[in-house]
Amino acid sequence: MGNGSVNVFELINLPGVASGILVILVTWLLVSFVSSLTRRLGQQFADRRLKINQTSTLFRFVIWFVGLLLATLLSVRLSDEAVLALTGTAAVTIGFALKDLASSVLAGIIILVDRPFQVGDRVTFAGIYGEVREIGLRSVRLITLDDNVVTIPNNKFLTDVVSSGNWGSLDMLVQMDFYIGLDADVSRAKELVGEAITTSRFAYMEKPWTVLVNAVVHENYLAVRLRAKVYVLDVQYEMALQTDVTERVLMSFRKHEIHPPVILTRSAGPA
Amino acid sequence: MSWQCLRLLLLLVSSGVVAQAEEAPGDSAQSGAMLQQATPTPSLVERDEEIPDVAPAQPMDTAVILRQEIGELRWLLRGELPRTVAVQQLFRVELDDDAAVQRRIEQLEALLLPSPTDSAMEPETTDGEDLGRAVEDGDAADMMAPGGEVKEHSPGVPISQGAPELDSAARTSDSPTVPVASEDRTDDNDSSATTATEGTAVESLTEGLRPKVDPAPQRMDMDTLVNGEVEGLKDTVLQDMSLRLRLLCLRQPLAIRLGWIERESTRQSERQLAEARQIAQERARQSEQARLRALEEGLRATSARERAVLDIKAEIESTGSALATYNAVTAQLLADSRAASIGLHKLLASTAAEADTAGSGSMAVTDLHDRIFARLLEQRTLIARRLESLREAQEAPVYKGPDPAAVLPELSPDTLQELQEAVEQLRLERRELKTARQKVHAQQLYVEITDEAAINELANTLLEHLDEDSHDRWTGLGPEGRSLLASEIERLALEREVIMQAGRQFMTDRWAEFRNQESVAPQVWRLLALILLVTLYTSGKSRLEGASTSLVKAAFNHQWPLWARRLTWRLNWAAAAFGIDAIRLLVVLVAPVLLEVPRDSGFSGVLYQLAMAWSLYKLLFAVMHASLGAAIQTGRVRMDQERSSKLADSLHLIGRYVLVLVVILVLSTPILGQGYLYHAIESLGGLGLLVLLTLLAYRWRTETHDWVVRREPGGFLAEMVGRTYQFRWGFVPTTLFALGICVVLVLRVILRTLTGMTAIRRVQAHLLRKKLEKSGEEDRAPTNLPPNLQEILTTQRGELESRFVIERFHGLEAFRADMALWRRETFVGATLVTGRYGYGKSTWLSHATQAIDLPVTQIELSSRLATPVAVVELMCAQLDVPDSVTSMDALTEWLNRGTRRVITVDDAQFSFIRDVDGRAGIDALCHLIEATGRNVYWLVAMSTFAYRILAWSTKDNLVFRQVVSLPEWQEDEIRSLIEARMAATDWDVRAGDDQDNGEAADGERILKSTYDYLRLIWDYAEGSPAIAIEAWRSSLVPGSNQVLRLRLFPQPNVSVLESLTEDSRFQLAAIVMHESLTVAEVAAVTRLPTFVCEDRCNRLQEEGILRNIAGQFRVTSLWWPVVIRFLRRKHLITARMEL
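Chains as they are written, first to last, in my numbering: chain A, 1486 to 1756; chain B, 1153 to 2291.
Next comes chain B alone, as it looks inside the complex (with noise of 0.2 Å):
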């Protein structure tokens, strides 16, 4: 028999009743109140009846309180709440939290007592159900005689599951094979042992459910175990009704257990109100005896004094009483308030359910509808008064009574004192119920407010599911519209004071927030954020230019790869272009997160609309604006001043009209929800568009016209468009035409920037290369090239390069326009080309002269310029100039007494060095370009670094009218060059798997094509044409049969560099600034011995850094990008020096 009770110990314990009713000692009053209400006495069969209130104490038995759980889940199940009943620590669990549930509900079905239905026939939530039925149904409470007793159960009714259960425990527990509990294990924590037919399972389920409980109160002798087994077997069958309608409660939908957590809280909030109001009742009655018998005392006072002690005593309690009153009133007030809003989420929410039920279009829908928007009348003028009774003075009760200290004086002080503090307690009072009077009436109009805005939001559904004809009248000009507009505008009228009301009731909110200590660090944290946000859209732009001005000059000096540094470039750009406007977007989308706003409701949500709708269109615009300037600029845009303000005035039109509508729409959808106005704007908003854009069409149409007839100049369409574009209506086809040209122009565009974007392109030449290295196919060993291969593949300028000229001049056509110009006017012609290393100046010198009718000559530079002597003599010498010009003066004048002509200075570099009176060879030159710039073009090549070094020591006072800067050559250019050139040859280049040879290495098999390597040669070279052809004929090893077989040219060993001391470092950066430089010329540049340079130089010779070309030291080609890299990165070469 002791299996059975400490089985229903355990399954107690696992339910957590037994918890429920000694976990808290502070509930032990109103736990055992319960219990005493739940005795077998007549009154117990009524609480079935009725809901349970308030139950007595002592003592606790396991079968009351199982009934009066079974009473309440009863009521639960009804769709009634017990008014003693806590729902969420009835079930312990979080009743809104799906998965809590079902894992409680499979903690509780662990629990259950294994039935031979359950286990052979059906599955047990067949019996939860039935059970369900069976409580509704009244079936359970026919269980229970009057006395508790369980009645005997038909095989038919399915409460009576529990019998056969009994059953079957009281078999299992005869069996030999199951453990028989000893006496030691009655208490709570080993009858889990005793539970054999649930096993360790079981137990080990329990074990976290089970609460620690006493012990003491469930220890029960045998004797009265064995004599009570009828009482166990009922007490199992109740607990095991309780475990299932516990179950059956869990499983009700969600809505339903929702239904429930808030009756409670409505329930308890009642509760408290009405607490509250009988508190303030009984302080005002309590407060008017006091006065009545101060008043009496009065009367009966033998001394004037006495007297007017006991008055102000009256006067105090009378004070006392009215505010005790006034507080009720304010009780009572709010109670009104959520019964009134209770009521009419009833209706809201049962409307709802009809429009649902009756479908749209129909007839009871256009009831409804009715019905609701006047109900929504009737709550904005509820709202109305409201907001008047608001402004209205809303006072207090105040002691109107005399001073103590002024009228008695001479008064006992503690007396005295004693009157003071009553008087002063009362201020206080009032104070604090007048705030909370406010509080209320302000919790009113919100409560009042959101009910309105639910009403409308139903109102604004129903409209979207009136049938057509009463939609149409509705939205119409008809009366039903014009009452709809006029209730939109009339709750614009209401929402504005609301708009008003609530930001007095914030700042009121926040100061009294201010002044509570508890809300002290949210409200801080909320200034702090508030300063922070300030000072990132104050500071940020300076910040951000900042910021990517540093990473600009971090990209150029550490060599980032070319896309890297473009992107740098652009951030810059966009920094300083709109960089504002992205911050100001930024603090909007951070703000309503760091002050802990709402940004999709009320004052703050119609704020953050509008402040994101507006940083929207201000950034937009601003993009808009830099990349039209940024293109136009740069001449990837071509349009004069007229046309980009023109078409700048336009976009920012569109923009407005935008703008506006967007602001009206996103205001509207809140305030007034998708009624009319919503529905006005929006059709008359897609109207106006079209309006706009047709007359921004007839505005351009001549430049459509022109461009359209530019881009297709023949066709029947284009013929078409020229034959109507004189009438008024011409623009149409022209636009139409346009649009279609424009819409195959975006698809063109878009498949030339997905098959040639230049990181991509970056990335795997980067990825080939680390291949190659790691697969050891550099082969530094030098190779011997055919000599018709090393004459096709010279980067030495003559004849031979001139074949291979690629059809690439940028600036070309300026220097042209220049040059017709200077034909026409007189002025200096002078304009000079800089480039770095092998960029192709001279070939552009070359270029540039072919096609010019004037006299040509070429005078190339290749020794040191310093004296203006030495100009004279140079350019004597090559002008074949009479020999009586020997001065400056005469060949100035020589030259301008001259026929028009043109003289191009290759290497201008030579003219100057970085010295002092280094300047006087490009002083002559520059002088002699002045003197003689209007009857002699000059055309200049200088190479970047030089010319930055002249521009900065000049401050940009040079003769040039302009300056050409070539930029670096792409993939595809270096890529047709080299086929070009190896076009002219008759050998074949084959990489990897192309070779013959079927012994090739994994690093051949990497090569796959030339084109790949192409591609790496390009990267390696930063788009110098020179370098690049020097890397591929380092790259190419002669076979047989014609063949090249091709490798990884040799890279330079960049530890050279770093073991480099500084002068050293310093000699290399003046070599590579001026391109070539002698020993003696290096010397005096860096101001060294010239027996050291001379030492270094021909060390870095040796290591193949340097090469000498007549006395001239020049970095070789392949060293040329990685020297550049180290110099940069040991800041001996800037970012400006480059541009």
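Chain A on its own, in the form it takes in the complex (with noise of 0.2 Å):
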């Protein structure tokens, strides 16, 4: 190496590698008993749970920030030339090389300021749809309702649509659609809707809930479409109050004598 640049192992300064790894090590067990604290904190105060999960995201994040910036600075001797180095020619290159890293790691602080969605989210992204899990440095964990984690990076979010339906609060807007035939009983379709959405042990009783009536072509079928909206309890009883509500539904249907669509036939009068 001539004046100016620098032996890419002359950087590294071994002693400090070890403690560096230890550091690591520290930050995960930190990282962990932190999570594990807030996952217990979290079920015993139910209604706070998300609030819960939120600061942990953001004890997690600065936890590994500062974790590995310690260990890197344990690890690397930054002297002047050291750095004169890290701003040529080497560190374009790295900086080529993980820039959707370091992008990722940059949108994960912007979405951590932003908050265009908070962790225990309901979110959909690019046609996904899940809870937001983890809001981690490189990357957004979603679960799925059919329990698949879905990773997504964090500089995703920067560019394309995402949509909360619940936005850090437990209570979520659920929308369910009945269908019956034009010749059923409307208002007493939409009574019995009603008192299923209002009965079920999921329903939120502090915000409100309507029933709405539309005609509609449902499947080539003719139909009227009952559209329920009511706020579930805690996110996480979402498909449960779905479930819920169309048993108590169907139920009554049955039993009210209220059918679901079918074609209709008429009679032409005498001419």
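Rather than coming from a laboratory, the hints here were simulated on the basis of the structure. Values in this document were obtained by computation on a predicted structure and should not be read as measured data. This list has only true hints and no planted wrong ones.
Which residues of chain B face chain A? A partial, calculated answer using Cβ under 7 Å:
#	residue
1	N1709
2	R2066
3	W2104
4	T2238
5	H2283
Computed footprint of chain B on chain A, listed as stretches where at least three residues anywhere in the stretch have a Cβ under 8 Å from a Cβ of chain B:
#	stretch
6	1524 to 1534
7	1681 to 1691
8	1721 to 1735
Every residue, glycine too, gets a C-beta built ideally from N, C-alpha and C.
Assembling the complex is the task here: the two chains are given apart, and the hints tell you how they should meet.
Here it is, written out as structure tokens:
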């Protein structure tokens, strides 16, 4: 190496590498402890679960950031020459190689600050619907309703549209459609749907509910659509609410002889 | 001999003299110059008599340095400032910092040579003072021979104390006990070891003061030291003298030291200005010469092109010369302005001193005031002229020659570029000089305005010190007063101009700062701060409301103590009512700090005062308005709309009046000072307020009279009010009497508040409970109370319970009013009473129907009414209707045909269940109420949770005209209830120390009185009397002789709840919401299998959480608060359900 250039191996502080690894290990343990603690707190205080998760995310983010920074400082000799070298060709090369990673980390910070969604939110992103389980340094992890874990790099959220169903609240509006035939007693059916959603144990009683009626073409049938809107007590009961309400509605429809859509024929009158 | 030399070096280093000479290499020339000037030549003698100016350099001699320093210190003590002295550097301390100066004095005192007089006869300071006097008298100069030799001293002259010191030092050096320094110790670092008389203490003291000195210049060979004893003695004397003079200077008062600093600063400034003028004049001279040369060369030019080039060069030089002259004039302007300001300040200071000397009310003060007032008018004229000059165009010389590229395109590129660069340079220079001139004008204006403010302040101060007659003349309507008024009005106009000019200057400065890279960061910070403030103001209200709402939710979900929940509710209310006003005030308070603008002076100060007054006014008015509205809404204040709007108008009127008054005073004080207008406003303001209050009293005379008569119907004063009320002036005694009553009421309220704060009671209860729990007093063993005691402490409804009714019936008056109206009108009469478990709904129903002269039928539901048929059957059974009535229509018709009556339905939560088709019962009941409500008044009681479910699912479409929500019971009410019941028994309750048994446990001793314990029970029961009685009953342990021992009631084990499964939690929540459910109903509500529900209900029953009464599961009394708290935390019961 000539003047101004630095051997990469000279940058590494071998005794410091061991310390750096130890720091990373401690950081990992600390993050695990924080995660475990907040998970238990969330179970204990269900009404504050999302807030606790959000706080946990922030803590983990900071702990990882500080830990990695510390480990790097311990492992690398940042002399003037090293800094010069890092700002030189090597930096550009590494920067290009890791630009996606860097942009994801920066995007993670932006997500934490801008908060387009928060941990615990039910979000829809690029056709994927699920609950945000973790906002990490590099990516966001969603749990879909069929229990798949979807990992999305943070920088994707900077350019694409993401919608959040509850945005930091435990409760969330749930919408359910029921179709009945045109010849059914619509008002009675509406009452029954209303009763079904207000009697579900998963319904959230601090926010209003409603049932909307429309005449639509549903799978080639002319039908009356009853659209029920109610807030679920906790987003984790979203599907339970839908199941419970659907069961109640179907049972009551059967009981009150309210039938699904059929093709109706109309006989022409006398000429 | 060597020790003396080393000691000398030590002292030199400690005093910083050597360091001053060598510490800054860059200043070596100057230091050297000073030294050369200070060599012992005839000129040196003259230097003592005149301010030293320039000094030559090498060689550096210690004696020379000391003599020079002594001379400078003497100049300082005489009140002059030597031209070559940097005062702060001379003393190596911040002279305006008293603490630092004191530390420096202590350090220097430690370096003084000890003398027999010092140690045995006189304090050291005496030496310094004497020396100072000697120096001031010129004696010290006499101590020096013309050649710098030390004169023989006489014992009576204080300055001669240096000689005994030397003798003493010499004697000490001969002493065998003192280590004699070796030759190696002649360097500075080891010199302290030779100062045996001062010892190691001095060494340690001087350690930090000693600068690093190159030892080479001080290194002397031993022969010189031995042969130069006399020289060493002389230096020691000089050094000691220098130290003492230095101490004397440092002991001067702060004002004098500040004067040195100010003069030094002024001198530096003058020097810089003079240099600037000199440079500008030199530049002008050179440019003029260059122009002349160019013209001469132009005359000798042989070609037209060459002549044109030379003409352009001449024009360039001419412009440069003009610009240089312009610059010199600018510098001169600034110097003149400063000089004038300094002169004015001296005048003001002397005038203030004269006024102090003359004393208030003297003729001298009157004279001074007249002079200052005249000077004030002159100053304003000056400022007006300055403003005019600022408005005028301040054109700087400009290059008027032709464009070289246009007239000489064929010129060689190098020459052409050279000419164009010169022209461009002139243009840039002109712009800079023009800006500089503007700044100078602005600075001049600023200085003159500051001076004017100082004159005005002094004039106002003198105005206050005038004798009474003169003061009245100057603040009255006579010629003096009018002139003062005219002066202040003139100042108003002047201030307007000044503010506008300041605004323009502000914008110019900000723009210049933005263009200056060094000041970008503060500007960006200010911009960010401004954005932050705007954001805070615009979105602060919504965020505040959101935060307070979250706080309320948290408070209710986590079952915070009652006082905390109330506090959160009030905070929420406050955020909605006047959050924006509070934020406005916050923004006003924070803005000057963030934007880094002064808030007590200048334009920003005026703006700040105005904004502060306005924000306070808005906040106070919003608080008043919201409080009044809340008080009327909650019924604490009964006031019709007309009176409430009248009250708001009146308060608004007062507020605006006070605001205007305050704004005028606030504005007039910084702008005009406390002069004519201030006194006029002050006088008229008080008078105006009196008039305003009188007007308001007259406006409110009717209400005041009614209130007085209602409060105090009898007595002499009331009689007098009654007699005089009819007169036009009658409102005066009425108002006075009302004010007296108000004062008494306020005192009562204060006393009541201090003795009855809920928060304090809660804290006391909590502490007591913690103490009892810690002491292990909790005894879970059940006790068997005697039957009569159990009967009296029952919570079951019945005749016995009605014996112990506490007069506490919230909303009863409203019900009676509605009832009375119903009897006159024809509308559906229906009232719903809601309340949490044990709040007394049944008792309320019983009490409400006692005084009604209509037939009353009381129906109590105990099982689920799931269908309309069940409702009809129940009604028919309870109302004793004919057998033919078997349907809803028939029942309706029968009720409508019969006499008017009242029907009460208790525990109406049994009329529905949270399931599909589960509202059939309550729907049927509501239909019956609606159909018969004009002939039958329905009074229905229902639990709060059930009512909330019903209201939510029906979207508040219920048939009831009014809903009475029973609030929680207060501590004294629960105490009265329990005490009333215990009074009906023949048992005595004794706690702790009251026990006959002397072996009472620690916990028993803590229970010092039942009073504290009842507070604990009230806190635990959260205002439910049923739970409180249950807890009280569980706390009693029967003893001998009809004595009951008090213990802490068994506390539910919360961990049992934490171990419940999710389904169990939902089951528990369903039971709480319905107050009681059967297993089948639990299964229907939760849609869980029946056998699962049965199993879990049984388990909860085994844990004591539930009890089973005729197949109905309900939460046991002592578990109620714990279960509610748990369900809130699990988000299964929300805050709104409990309202």
